[in-house]
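Produce the complete structure using the sequences and hints provided.
Take a look at the letters that make up each chain.
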Amino acid sequence: MTTLDISVPGPVSAAGDAVLSFEDLSVTFKTEFGDVHAVKGIDLEVRPGEVVALVGESGSGKSVTSMTALGLLPRNARIGGTIRVGDKVVGGLDGRGLRNMRGNDVAMVFQEPMTALNPVLTIGDQLTEGLQLHGIAYGKQAIARAAELLTMVGIPEPERRLKQYPHELSGGQRQRVVIAMAIACDPKVIIADEPTTALDVTVQADILDLLRSLKDKLNTGILLITHNMGVVADMADRVAVMLKGDLVETGTADQVLNHPRHEYTKRLLAAVPHLGAGPGQFGDVAPVVAAPEDLPALDLGNLVIEYHRVGKPTFRAVDDVSLSVAQGEIVGLVGESGSGKSTIAKCALGLIPAASGSVSILGTDFNKMRGKELKAMRRRIGVVFQDPASSLNPRLPIGDVIAEPLVVHKEGDERSRRRRVLELLDAVELPRSVYNRYPHELSGGQRQRVSIARALTLDPELLVADEPTSALDVSVQANVLKMFTALQERYKFACLFVSHDLAVIDLLAHRVVVLQNGRIVEQGPREDVLHHPREEYTQRLIAAAPVPEPLEQRRRREARHALLNKLGDDIAELHIEDDYERPQPKRDEVGNPSGLAGYGGDGGN
Amino acid sequence: MSDIRNTAPDGEKYEPHVSATSTDAIGLAAGGSAGPLPGEDKSYSQGQLVARRFFRHKAALGSMIVLGLIIVVAFTSIGIGPIPGWWPKGYTLQYDKIGDGAPTWAYPFGQDTGGKDYFALVMRGTQFSLIIAFSVGIISTIVGTLIGAVAGFYRGWLEAILMRLTDVFIVIPLLVVAAVLGKTASGWGIWGLALVLGLVTWTSLARLVRGEVLSLRERDFVLAAQAVGTSPWRIITRHVLPNSVGVIIVSATLAIASAILLETSLSYLGFGVQAPDTSLGTLIDEYQAAFATRPWLFWWPGMLILTIALCVNFIGDGLRDAFDPRQNRNKD
Numbered sequence: 331m332t333t334l335d336i337s338v339p340g341p342v343s344a345a346g347d348a349v350l351s352f353e354d355l356s357v358t359f360k361t362e363f364g365d366v367h368a369v370k371g372i373d374l375e376v377r378p379g380e381v382v383a384l385v386g387e388s389g390s391g392k393s394v395t396s397m398t399a400l401g402l403l404p405r406n407a408r409i410g411g412t413i414r415v416g417d418k419v420v421g422g423l424d425g426r427g428l429r430n431m432r433g434n435d436v437a438m439v440f441q442e443p444m445t446a447l448n449p450v451l452t453i454g455d456q457l458t459e460g461l462q463l464h465g466i467a468y469g470k471q472a473i474a475r476a477a478e479l480l481t482m483v484g485i486p487e488p489e490r491r492l493k494q495y496p497h498e499l500s501g502g503q504r505q506r507v508v509i510a511m512a513i514a515c516d517p518k519v520i521i522a523d524e525p526t527t528a529l530d531v532t533v534q535a536d537i538l539d540l541l542r543s544l545k546d547k548l549n550t551g552i553l554l555i556t557h558n559m560g561v562v563a564d565m566a567d568r569v570a571v572m573l574k575g576d577l578v579e580t581g582t583a584d585q586v587l588n589h590p591r592h593e594y595t596k597r598l599l600a601a602v603p604h605l606g607a608g609p610g611q612f613g614d615v616a617p618v619v620a621a622p623e624d625l626p627a628l629d630l631g632n633l634v635i636e637y638h639r640v641g642k643p644t645f646r647a648v649d650d651v652s653l654s655v656a657q658g659e660i661v662g663l664v665g666e667s668g669s670g671k672s673t674i675a676k677c678a679l680g681l682i683p684a685a686s687g688s689v690s691i692l693g694t695d696f697n698k699m700r701g702k703e704l705k706a707m708r709r710r711i712g713v714v715f716q717d718p719a720s721s722l723n724p725r726l727p728i729g730d731v732i733a734e735p736l737v738v739h740k741e742g743d744e745r746s747r748r749r750r751v752l753e754l755l756d757a758v759e760l761p762r763s764v765y766n767r768y769p770h771e772l773s774g775g776q777r778q779r780v781s782i783a784r785a786l787t788l789d790p791e792l793l794v795a796d797e798p799t800s801a802l803d804v805s806v807q808a809n810v811l812k813m814f815t816a817l818q819e820r821y822k823f824a825c826l827f828v829s830h831d832l833a834v835i836d837l838l839a840h841r842v843v844v845l846q847n848g849r850i851v852e853q854g855p856r857e858d859v860l861h862h863p864r865e866e867y868t869q870r871l872i873a874a875a876p877v878p879e880p881l882e883q884r885r886r887r888e889a890r891h892a893l894l895n896k897l898g899d900d901i902a903e904l905h906i907e908d909d910y911e912r913p914q915p916k917r918d919e920v921g922n923p924s925g926l927a928g929y930g931g932d933g934g935n
Numbered sequence: 215m216s217d218i219r220n221t222a223p224d225g226e227k228y229e230p231h232v233s234a235t236s237t238d239a240i241g242l243a244a245g246g247s248a249g250p251l252p253g254e255d256k257s258y259s260q261g262q263l264v265a266r267r268f269f270r271h272k273a274a275l276g277s278m279i280v281l282g283l284i285i286v287v288a289f290t291s292i293g294i295g296p297i298p299g300w301w302p303k304g305y306t307l308q309y310d311k312i313g314d315g316a317p318t319w320a321y322p323f324g325q326d327t328g329g330k331d332y333f334a335l336v337m338r339g340t341q342f343s344l345i346i347a348f349s350v351g352i353i354s355t356i357v358g359t360l361i362g363a364v365a366g367f368y369r370g371w372l373e374a375i376l377m378r379l380t381d382v383f384i385v386i387p388l389l390v391v392a393a394v395l396g397k398t399a400s401g402w403g404i405w406g407l408a409l410v411l412g413l414v415t416w417t418s419l420a421r422l423v424r425g426e427v428l429s430l431r432e433r434d435f436v437l438a439a440q441a442v443g444t445s446p447w448r449i450i451t452r453h454v455l456p457n458s459v460g461v462i463i464v465s466a467t468l469a470i471a472s473a474i475l476l477e478t479s480l481s482y483l484g485f486g487v488q489a490p491d492t493s494l495g496t497l498i499d500e501y502q503a504a505f506a507t508r509p510w511l512f513w514w515p516g517m518l519i520l521t522i523a524l525c526v527n528f529i530g531d532g533l534r535d536a537f538d539p540r541q542n543r544n545k546d
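Keeping their order, the protein sequence lines are chains E and H.
Start counting the first sequence at 331; every next residue gets the next number (my numbering).
Start counting the second sequence at 215; every next residue gets the next number (my numbering).
Hints listed in this document are in silico derivations from the structure and should not be mistaken for laboratory results.
Possibly wrong hints are sitting among the right ones.
[To be verified] Away from chain E, derived, C-beta distances all over 12 Å, residues of chain H:
hint, residue
1, 297
2, 302
3, 303
4, 360
5, 372
6, 430
7, 437
8, 441
9, 504
[To be verified] So the derived list for chain E, only partly shown, Cβ under 8 Å to chain H, looks like this:
hint, residue
10, 473
11, 679
12, 681
13, 705
14, 709
15, 713
16, 715
17, 717
18, 720
19, 721
20, 724
21, 735
22, 738
23, 867
Only a predicted model underlies this, so the values are computations on that prediction, with no experimental measurement involved.
From the three backbone atoms N, C-alpha and C, an ideal C-beta is built for every residue, glycine too.
Here you go:
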């Protein structure tokens, strides 16, 4: 661990004893629109104690590939080729054999721990279920083993946690429970499908640390499915890049990330924003032109926002927040989930009232306006939301969507509106032919361009962008960000840019505001906050954000561990007692685990 | 669900139909895809897609044809109001009875006890039943949609009042209210009856629309419209209601089917359409005693009620499947 040489991916066993292997795997789905070839003949193997990252953008077939290993594809899928888990061939197993294999030989860690856990069963019930089904332990023994598992994944007070329900745990703890369930039967290989995508960046770093120590200490193979190049750089020994159902490149993390050979890999890596590289990655950001005596585009003064809940105490989502956005300035609002950043954005749009404090747009207080005045003020603010699927009215063609603000403010006639829409379509680099198309005919990136065009229809002085790129694939995000910087330079709007992604903020913002639990932790110019953070929380946040370069990421990881040590925190890792015994499923005379005996051999599945 | 094709280096290539060919596992598992067919370059609106799916639904299409035939025959045969029809016999005149009045070529539906042409009578009854059913469907849809949309969109005290009002209407037995009010209202002819029935049957739609609006008003495009300064009324009519049109149309259809049955029950009980007007329910009521000796007097109106109600229900099913293709993937 002390050397920084990563060209040799750790202790790799001989090629023959892979714990998971795909040979010439192909998957075809029958749909009403004909056959869809999701996976087109790929070869891949995972060896013990190795992390293989399967990388690709949405629709590349990476999740489908992983599901074949568990035999969990829907009925309309046809699978070709051979999948081996340990010494078993998945295609040759009946229902009982598959159930026996799942958990025992291969386990899964899902993306969203809230939906992966059953909300009406206690943690204990869910942990012991697998143990009992596979005949590893029963009754009190199983409960003791479950507590041991929770200790291993670093959950304090395991006995108390066993009696709790999933909603009583935080997101990170839930994902730890899912990992505990995955290792309960000591599988040879774990498939982790985007295990950290739903988590905050500091929690993500902990979960990755945990997974890493898991493969080191238990020698488990991990197939890590992700779209995040930073996670790949942090975790992977080997990387396989998937594009439209094909593997376009495989190699060690160093080979693929630092010396990519395939055109697509290069493009993918070039599209990843790099924390620390500053602006200019996707087009230059114009310097702020406003003179200091100009009125700020947005000024929040001691803003407090509260949510009133029936039967519960009022929840204070935003507490005493003061920030201002100068004209032509991009201010990045950063924070983890629940920090109140979206609430502030909605309040700046006048969609949520402030409990106290002031919201001024160009010197006029939003809260004091009513009726016509308010409507007139609103035309000076544009908005872009996160989810391109829900931010466009599915019943309106694109032309109408973009022209809608003009119609609402009764501006121009049919022809001038049409001209404005076509001009905006050009500005956001969409072909004019989308004028008559409907949102469902466009891809996510295209829809987000339409969203941005709509926000700019009325030439606003202030744009509020609430995570505008976080639902997009990385290369689409790069294009949208490139376009965004170009538009900002051209139209000179001020922007409140809400994001959880520090790298995106780093390449875009003039100033950065860091939020935690509804309060401002730190704010200042981008270089100061992101490159020389003063506050402990900001330091943690930045240390936890992975960068897509294995060597640098290793350095960052060690720096983070040093920081955590300094701050007196634990580094997440698997806690294994010296007398830890690997669970052995009890087998009956035929060789089946006794726990499954009750499940008849009908094989129906 | 963005597609990998949009990652071309020179910006995203414009390619429609992503939803149909996307290889996303979840989309495929759900089976239903709202996208247009690949290989066709025409642009389809949501409405056109719905129409395509509806016309592929055989039972609904067949029902549509049958119902259309019934409507055309009912209105053209004996004419309506001053306009004469092509059927030579009237529904008020008494003719010489042929035998016991069983169906013959001259009287295809037979004759009633007094010698009236039963075909003309049944057509007259069908006309009235259809008029009542469709009026009730339209009135209850308008009232229900308005109340549901306003309650769901504005929330607060307005919602509380409207939904309690709905609750009150739900707890009163429908048949009793309809009977009491209907008796009074049928003094104004069938339109009075249709109005009264429409004003007591909107409750289920109001609840459905409210639920739909509650979820739609949280969607980002509604927030975006609010942020631009769109008036509440415009948000409701342009952004919210068009997106709940599926729910509204489907339940309007089903409201028509239940209105036919409600009118029949009322008329059978003697509270509905009053003589000299007639409806299918009134006919059954009038000739129920003749069922044993002259069964055609019962069967013709009975079969027509059944056919119309069945057709409308099938059309409703077809519409539901067309509006929400994800619900009907059990055929695969």
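Identify every previously stated hint that the structure contradicts and give their numbers, smallest first. Numbers 6, 7, 8, 10, 23, in rising order.
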